[in-house]
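Visitor: Using the hints, put the two chains back together into the complex; each one sits in its own frame.
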Amino acid sequence: MNQLILASQLFPLIGFVTIVFIGHSENAVARISLFFTHLMGIAVVGLLSVWVYSGFPQHEYEWFTLYRSGEYQFPLVFLFDKTAAVYLFCTWIIFSVIVRYCRYYLHREAGYKRFFLTIFSFIFGLNMVILSGVLDMFFAGWEIVGISSFLLIAFYRHRIQPIRNAQRAYSIYRLCDFGLLLAALLLDVIVHGHNHFIELDQALDPVRSENYLELTGLSLLLILAACGKSAQFPFCFWIPRAMEGPTPSSAIFYGALSVHLGVFLLIRTEAVWGDHLMARLIILLVGILTVLVASISEKAQSNIKGQIAYASIAQVGLMFVELSLGLQPLVLLHFLGNAFLRSYQLLVSPSIITHRLRVQGATDTRVDLRETSIIQRAPEIIKEHLSEVLQTTLEVIAVQEFNLEATVRSILWDSFRHLGSVISKTRAWFRWAMVFLLAGVGFGIAMAGLSIRPYWAGLLALMMLTLAVLAFTRKRDPFKTWHSVCGSTVCAGVSTWVISHGVGSYLIWFIGTILLAWILGSLAMWRMRANKDYEDSPFVYRAMAERAPGLTLLLFVAFLGVVGFPISPAFVGQDLILYYTSIDHAWLTPLIAISMVLNGVSAAGIFTRMSMGLPYDLTQRHMHDHDAGIPRGH
Amino acid sequence: MVMDAKRQEAPVDFDVDAGIEALSRWLPTQNPIKDFIQQNTLACLQDKPFHEALAIAAKIYGARSYLPLSYYQARYRSGRISPHSLQYALEMIEPDSTRRLSLRDKVLRDEPETFSRPTSIAQHGVRSLWLTSLEVNLDALAHPILFRLIGNFLDQGISQWSIAREGESLWSCIGRMVRASIVSLHPFQNPESREIFKMDVDDAIRYALHRLAGKREYFERYLLEMALAHPGWSGMVRVIEKNPQRLLSPRNIRLKDFLAVELAIQLAILSDRCGKTFPSVSSTAGVKAIDSLERIMTNPLLPKTLRVWQEAFEHSLYIELLAGLKKSATLRHKNSQPPLAQALFCIDDRECSIRRHLEEVNSSIKTYGAAGFFGIDFYYRGVGDIYPVAQCPAVITPRHLVLESVPDEGSPLKKTNTETGHLPFGSRSLMKGWLFTQTAGLGYAVRLAFDTFRPGSNLLKLRQLSEVDVRTRLHLLRESDEPDAEGRLLGFSRQEMAEKLEGLLKSIGLVRDFAPIVVVIAHGSTSTNNTHFAAYDCGACAGKPGAPNARAFAQMANDPQVREILCARGIDIPETTLFVAAMHNTTSDEVTYFDRHDWPEPIPMPLVTFQRSMDEALERNAHERCRWFELGPSAKTLAAAIEHVKTRSTSIFEPRPEYDHNNNLYCVVGNRDLTSSLFIDRRSFLHSYQPADDLDGSTLARILGAIIPVCGGINLQYFFSRIDNSAYGAGTKLPHNVIGLLGVANGVEGDLRTGLSSQMVEIHEAARLMIVVEQVPTIIDQAFSQISHLMNWLDNEWVRFASLDPSDQTIHIYRDNGWKKEALPPDFEVPTGRWSMDVYQGKTETIPVHYLTRGLA
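Residue numbers (this note's numbering), protein chains in the order written: chain Z, 7 to 640; chain E, 5 to 861.
Same shape as in the complex, but just chain E (with noise of 0.2 Å):
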């Protein structure tokens, strides 16, 4: 037949496995959107220095890879980047000094607004050029339909039916669809156009590559080229290829059969458009000078001005900090008190406030930052869940399941429908919706008026995700050795308990002292009507509410049994001493106490006192939040603060319910006395380590075996995001539509989109992490030979680390040759204030990093 001696012209030295594995790389790694997880948006290009990364993607992405130039213009004239670090990033950038004259007079010129942005392979490549001369919009008529197909393939639970069949793959689905189908499935009508799913992926593709790519040379480049056309599904069908158990109900694809179903709709179409013959992209005219990807990736072009910017910028923010910390360090002064209590936070940036506050409210309280999963990591499984989730971070794969129970049989939870609240989902099918609609909806004008005009009174009654029922229990201790069919183990033994305790208070550097009371608080977040709510949850536990992991550790760490091992590894917790689980929901700043029926009656004292404390601090933690928030009250008391941002979280039309990791920035990994006297707005991760108790670096290298990915992760998302929202980004969350469950997408037609929205980053500074270690060079160099798979982020600048030196407060900024002894300038005043309200009162920037005097000075 025709299509046999056609096949027989395809070239057949073409390697589509190969091929694919090779596109893919660029392809955005984004998980289904139930569990978020930031990570670094160019984590592609993450073995090339960070510029060049950025030059390079630019091209590739289309996108900007720095700021307007008018935003750092403006922040110099303000006085939030110093000449100091200008004058340090042009040295960096040029060394040639007459050069570098010439070079600081433009950075200092005025420039018109320039509204372009550089163009994409994927707009402005090769295959753009050949369809400009075929005059047809062929991504325009096939991505409708190849988007439905793949949405209603891979579809999670929004339509009621599915056109895959257990175990078939999207290319014999559709081959299937096409084949026999009574009616023809578009734009396959014509006969000749289905002949191609009578061959296998490999075939079909080598042979529409050469009808549509004309030469072999052409083949990578059309397929990363169509590929990146929609950047979201490519990357999402190859993450589910990739992680198959990220989806709920399975489905057998690769993104071989997605591109394979791409390429034969559009042959179909340009076959029906321009005749059987058409001309391939290898005879359009001017296809040769366009740039080849060797050619972007060895020669990329940058932005030198506005690199010089960045850093300058960047550098400012360093020195604020490592200026603040210097001076903290030396004014230090060891309390001998012993604490009241105890708090275990997590390392976030939004408990770094929480944290300031309490300490504020009520000086004996002691805080500790590590990341929010306690070190115990595992699958759990809620009351009413149906599915168990991961309780760590996304590069760990637990080996345990815990399960949450009730207690007592004879008082029923209410049923977890009921607590869902109903939500008008249900009534889709024609004659239900009927009635429903003749009669029930006039209600919803009653319900609709009333949640817009009175949000907060939690008409919607979402339970949300972080609510966890106050009567359960969890299953925590092991029974039996036997693991279940998925290879997990039911609990722990309490020998494990013990060892993943030790693991934790080792690295933070609790290990004796302890307070009679010691609070261990996660944190979730609780917003309505909002797609990305994962992106709001705990990062240390891939994106969902720590509670159950505080509730873990607490219930661990109350055991006598389990004190008893530890006692005998050197770890000596006191009778008296009592672990309470909590959590903090950053969004409406409320805590929940969890397990109170193992709470001693009468409560002690001391957790009466810490509860108090607690609730005033989360008040003011509320007040500092209200100054992002434009449309907050007017009222400037504390009060009216809770009020608010209690309402934030249940209102049915805020779309930023918190602003989440904004302005992050700063981690620190050190004592905590090296912190508390310092105001960082919010902006710090803070780990809490011992130096003195870690000779060989190896706790160091387990605290940043977590923190660089994690923290590194959330703030490349946040940086990229915000740099370029439209590419990078999910742009603005507005007109986004849930697309099965997998995602969001603009409209009923669009692609994917990854990323954070405008909405989450609107107000970051887009800044590169600085990791500041309380610990000599000597030892971090030894933690980071235990860390080699991690030095990337180090070495090409992905992440800035500095160390300072317990001993005499001197500062090395990490580069990738090495340590190099950073002076501060002579001529830096670390700014001070009394308390914290004083320092952010009427504040609506970002504040550099003060010193509090708390009344002492």
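In isolation and in its complexed conformation, chain Z is listed as follows (with noise of 0.2 Å):
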């Protein structure tokens, strides 16, 4: 059983590398592609059915520990049972027949190959969600999904709104999966050390009481990633907007797998929520709410693959509600349907014209109060003025789908946006003056012989967020982003490495990435702006993924050591600096945790700026070539 989990778990991996390294032509990637897809196939019906034979085991199994520092530690934990084996099902049948699918629907376009490693990359991380047995594992996934993701939606990178809908989800993705990261570290402070979710309930069960709070903490940071990846109330809005790339991708993604990914956080993580009461009621109102939003901006929606995802979304909210109300499984049964019937909703929604005009013609479509009886049996002068207000107000939330995208970005974005623009108007001798000021109460400090260490590190997060702020801020120059982002997670590192004892070594790795990071995107960027003079139109997509596919992979590699994403040093690196930090130094965790969402967010938007968009000749170079006039009459 072990060696099949392993099987399933890996092959995609190998399938991965593999296309990577032969994936030369269309056809071969076609054939390595099924060749893995079986393999998969193979392994997981095999883990099914040694799973049912021995009689549905809870099975575990600790392959090794990646890492270890003190308490903490990060063990390589699979998990696997009744929920995991019917999401591996579900997964391992779409995955099947998307990869078919698109073996024919792909034909030819450009850009083959690298959907066929998005979507492996994405089975990977999918598998690893699924048969994780620990939350720090999950949370390796859930990266590897959010950078798929965000690929995959930009996949038509040619045109601006991919890549800016991508952006947009990214930015969701990344908030949310900090609420994650923070709730690992979090539960791994509760339990010390017994993480593993079998061992939740006994490890939780004798700290219930003292830690009330932290608790209470962990179960709202778990609902926010949870409505986040699954466009629960109220990040409704990011779905139908991240349905960009081929219409396969759309469905595999936001209508069948990884819009079900936050109900499965949340029935792996009921042993911490369950007693709860607040936190079953806050799922139950985000199941209500998004139930509410979903069901009624779907109805104004004039495209199908809008109208599908709100469709999907609203059942998801049932699932919480039915979470909530303790009946899981009802929701996997309810997840399995969902995900079939959205699944083959998107895939055949271009019949959608052919079905409409033959079946239905068009549909009368007025929403009309008058005719509900409430309004019916109501007085003549509501009926007259008041039933027109109300129809016409739900038309309008209808349309715009209650506005939830700018109510959300004003809230979470544009404090940031607002504080930025405010640092970057000060004068340059305002911003010394502060900095000698601040030095200056150091030294005092350090004088008087207190204990200097916390306020340096208070200082270097005050840096951290002042640059991350700025970098987010300011677009102009890809470049002064570019320092900024590195500058502040440097500062992160550097401020937990100056309070927290016995971090240790590790953060010479983290922040060794960084600095590799730093220089490797400096590099790439530097040689794209080569002979390009851009001043002029700053805020243009650069297209270097056409021009230079070199520098932009270099590029997108160091993007992703900065990010902190499960391959790079960098990941555990933040893991540890958050995990210490919120051990002795809790204050510091919430500013290092928002510098490094933004910081993640700039970065995603250095990197679509420069690498993506369709290349304009904006020196109008191209015209040497030409004569004036045309001769005529030839």
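In case anyone wonders, no lab produced these hints; they're calculated from the structure.
Predicted, not measured: the structure shown is a model, and the values here were computed from it.
Any given hint might turn out to be false.
Only pairs whose alpha carbons sit at most 27 Å apart, straight line, appear in this in silico DSSO-like list of lysine-lysine [as the list claims (entries may be wrong)]:
#1 K280/E - K431/Z
#2 K52/E - K824/E
#3 K280/E - K481/Z
Simulated restraints, written as ranges between beta carbons of each label pair [what the hints assert, rightly or not]:
#4 V450/E - S430/Z: 40 to 48 Å
#5 P195/E - D211/Z: 55 to 63 Å
#6 D100/E - L522/Z: 55 to 63 Å
#7 E172/E - S430/Z: 42 to 50 Å
#8 L283/Z - L252/E: 47 to 55 Å
Footprint (simulated), chain E over chain Z, 3 or more residues, beta carbon under 8 Å [unchecked claim]:
#9 162-173
#10 210-223
#11 302-308
Yeah, the Cβ is synthetic: ideal placement off N, Cα and C, and Gly gets one too.
Guide: Following this line, the structure appears as structure tokens:
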């Protein structure tokens, strides 16, 4: 069974690597993909059979521990139970169908290889999430899924709109990912290393009453993470906007699999939030609000994919409701039904024109409140005036989808933007004066013989936050943004080093990785910039993926390094930083988390702006070849 | 109030209607997607010479004008562009001989691949300069709001709630939403921004332009750049404004309202972001340096090297056909044997190969070509259809309505709903959705797996628009002369029938020697999961399958009383002749025969023979088509080929059910024996014509009146979508999302995409249509004088035109200054082959015109 679990987990990765190295033609890519899909299929079916044969056990398998530092450890633990079985089964079926479907559907498409690479990395991440037995590994898979989604939304990188929507989805992901990361660390702190999913109940029971506050915060963070990934209230808006890739990729990601991951997270962590009445109520409320928002927004969607997306979100909202009521088996059944139905609907969505014209003709689509029974019974004055107002209000709400996008944006990001523009408007002398002042205070404290370390750490944290906010706001010059992002991340590392004992050598790794990423990224951008003078049109997407694919790859790797993607040492590093600060200096943790969220979003912004877009000739240099005017009468 | 004071400031000398009229020239004119009609993408510039128009359009739309240099050079190296043609093009474009030599060097020189493309005025004009200086990405903020409103307003049946009230214009609809709603419409949260909706549309536009564009001189430019930032929606609104009947549920919409709403949104956003007073376009540094529209129009810059290559490329291709025709004309022999059957096809280039195969299978079958509505124009409503559709080229407005009816009430047809198959789009309401996903949702796992791994099993039983129930009848004969509410006549009188038949039969020259069987074969296409299905059907039927026209034609021609009238007019159809209607499915290569209940019992022998020959021809045709399908059958047998094309038409994951009009290039108007022994590789529209019967050019004028816009439109639509798929075409179809049953867009917030998707044009060779007419130039000139409204197609070289003298086979090419005799290169040898299959077997590129010996030589 252990071997089968490993096989299910690793075949997608091996497939990915094989495509990278020997997928030179469309045919080769297709053959490798089909081969590894079948291998994974065999592993999954084998796993399921063995599991059924041995009587549906809850099976845990600890592979090895990736990293250990004091009480903190990062083990690779797999857990296979009923929930994992259902999710893995569904993933396998849909993935096989999609791979087969795309073999033909994507034929001759530019980016064929890129597409298959991305869906393989997606499945790798997804299987990791499904099979993980501990929240840290869960998080790693979660991140991989997030980056793959980002790449697939921006698959058609020539058009600005997919790039922008990818960026938006990524910013929501980034926010919620940090919710999950903090939750994982907080859990570690509470249960002191007994963080495997199956031992959570036992580990938490003795500490429930004394850690009531922490557990409440933990539950909230988990709910935030789940809401973001599953597009629940108030993040309902991003799934429809994410339907930018090829139709099958929308089907697999947003119709079927990735949208249900939030539900999965909540099932896995029920031990944490299950005993909290408040958490249950919040989940119930989120579910109900989502159902309301999604089903009303869906009514006014004039495009078929948006409609399917909202219908799917509404069903996930119902799953949240079911979860909060403790109806787990129903949730699993519901998940299967919704996943298959939405995939199918998305895949055949182009048929809608034939369907509607033939079966229905144009339907009469007016909202008419006047015919509802409540209004019928109301006094005349309401019937005449109020119903018109109510009806228009309903139309406005539905058409602008509760205006959630603008609201969330202004709540989350606009305050940082505002702060950033205030900072960047300050004069140079003022900034220097501030630096001297703060340094002076530091010396003062040192002279007074007080503990200086927290002060320096605070100063570094302030710098980290300032740089992060500046990077988030100033977009005119990608170099400045990049330096700010890297500087901010290094500050985070150094400030932790200043106050926490025993973080030790791993921080060197972290800072080293960031510095390396910084150098690589700067180098790539510097080379990209050569001979190209874009000062006049700073906001144009520069399409380097076309002009300089090698440099773009380099920049991408640097980007992954800076955001702490699970392949880079910075991933464990950022875990560690947050872990240590959350033990000793809890005040620092949210600051670091916020700057990391901002830095991730800014770094993604740089990457998209440099590498994607349509290659325009901004300098009009192609005109040298032209003659003026046209000879007539030839 | 504040607003009133500002309104006073706004210049009143701006005529909004004239401004809108002027800018609407530049908008695409594509219909709602259910009536996709192929047309010249740059029809707005058709009054300019072809290359000049390309250069202007490049600047306006930011589009490429030609294919990349490496494409042409590779073709030159492989011999498909001949040195002779290159020399010809050089001489034409560079009269000066020394400069020509240096141009020749430049043309042949290798240049590194350039990725850059020209910038458009929408993306890099005065507006973008202004917005860059403001550091506001205005379009990113305004477009999603605007598209959501207009999409819902115009929706034809996707959304369940529509904001449009009956007869309400867009401007007053949005005004109502802004004023009457308790929750404010984003971005009009600020009460001041709502004031603008108190004005009438014209004032609102003037006021907003005054605030945004500043000085009067930038008004037009601002509007144009704004409208071209989303050409799809602007164009769609304009098309509906001009032809409201294109919508099934009508809407009161004008481009003016649409642009006014956009201006109001922009104003609200900018006031919110940049404060109440923000700099306008005219106060931005550097706007003066940007080229004006007049300058772009009067001073186009033409890339010379690519123009040389394009001309050389086309000339090479034209020579291939002209030499082939000349050879075939000299070698042709009259077949005196009376034909066993005559088959009348559409001129469509896809029928070019099936005709060749049919004649190859059975040499006693003679084929004819005519525009696929067969000269009968009418509105048609089939059994189960909700709306009647026009069955004729888009330029004609029919006066007749024909209904399909069920003859025998006793044998009920299956209900349409069940025939359409169950598509799971109904389960979107919440509780139903909940029950549905809990129960039946799992079933979709099975269905999904089945559809993907066993396509062709046709689980998704969509009844296609082109499928016709064979038991129904057309109600053709008019019983009363009362027109209906829309002014249409229900059916035709016998006199009218005879006139329609006479017109067509005379134009194709089929007026005597009728065979015992005349089969009228329309064409249509079935494909699953295809948004652009209308683009695959008959162009001469305005993007519909031609089946009703074929049925009408056969039914009329079988009517004894109609035959009597025809006989009096000199067309004597023997009593023994039977007209049979059929339809060729160009995707699955199947032929359906209609109205079998009218066939005599037993089925006449010639018809049986014809059906057998047809079946074999279809297999061969499928086999020939399969050479283009990279993922085609591995076994190269006929049976595998026909099986493969059938699967293609039913598979849900096939973005290329067929290659449609790819590589269309020629149009030959002449006797079939001119082309019957040529292998033209499915590249030619073929119209039958008897030059000897047309002494005043009037028949030719009628033919050209239909084929120049229809075939020219198809050709140029393909041309432009191929040249620059992202600017003129719809891009790849994989991410397309159906919007309001009006069109497709990328994703949820995208602009409507016009033109053809990349999958539809990827193998097309972008070259202009060459029409060759078998007639002497003097008579053609007479025909031209009757179609003067179409002459800018020819004079400005949007299509090319040649005449082939029927008596001595001299060739003349038409130019804007008259006819020029074309001498074929002396060393040009027309390649020959025995049978079609010998020519195409193993080839994956386009094949030059071959002369087929068919075992004679």
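Visitor: Run every hint past the structure and note whether it holds.
Guide: Hint-by-hint comparison with the structure:
Straight-line distance between C-alpha atoms of K280/E and K431/Z comes to about 20 Å, which keeps the hinted pair within the 27 Å bound. At roughly 21 Å between alpha-carbon atoms, K52/E and K824/E fall within 27 Å of each other, so this suggested pair holds. Annotation: proposed proximity of K280/E to K481/Z holds, straight-line Cα distance about 24 Å (limit 27 Å). For V450/E and S430/Z, the hinted distance range of 40 to 48 Å is not satisfied, since their beta carbons lie about 58 Å from each other.
The supplied range of 55 to 63 Å is met by P195/E and D211/Z, whose beta-carbon atoms lie about 57 Å from each other. Roughly 60 Å separates the CB atoms of D100/E and L522/Z, a value that falls within the hinted 55 to 63 Å. Under the hint 42 to 50 Å, the C-beta atoms of E172/E and S430/Z, about 47 Å apart, fit the expected range. Taking 47 to 55 Å as the suggested C-beta distance range, the pair L283/Z and L252/E conforms, at roughly 53 Å.
Interface restraint, the stretch 162-173 of chain Z with chain E: holds (8 residues with C-beta to C-beta distance below 8 Å; minimum three). Counting residues of the stretch 210-223 of chain Z whose CB lies closer than 8 Å to any CB of chain E gives 0, so the stated coverage by that chain is violated, three being the minimum. Under a criterion of three residues with beta carbons nearer than 8 Å to beta carbons of chain E, the stated coverage of the stretch 302-308 of chain Z is upheld, 5 such residues being counted.
In terms of the numbered hints stated before, the structure departs from hints 4, 10, listed from lowest to highest.
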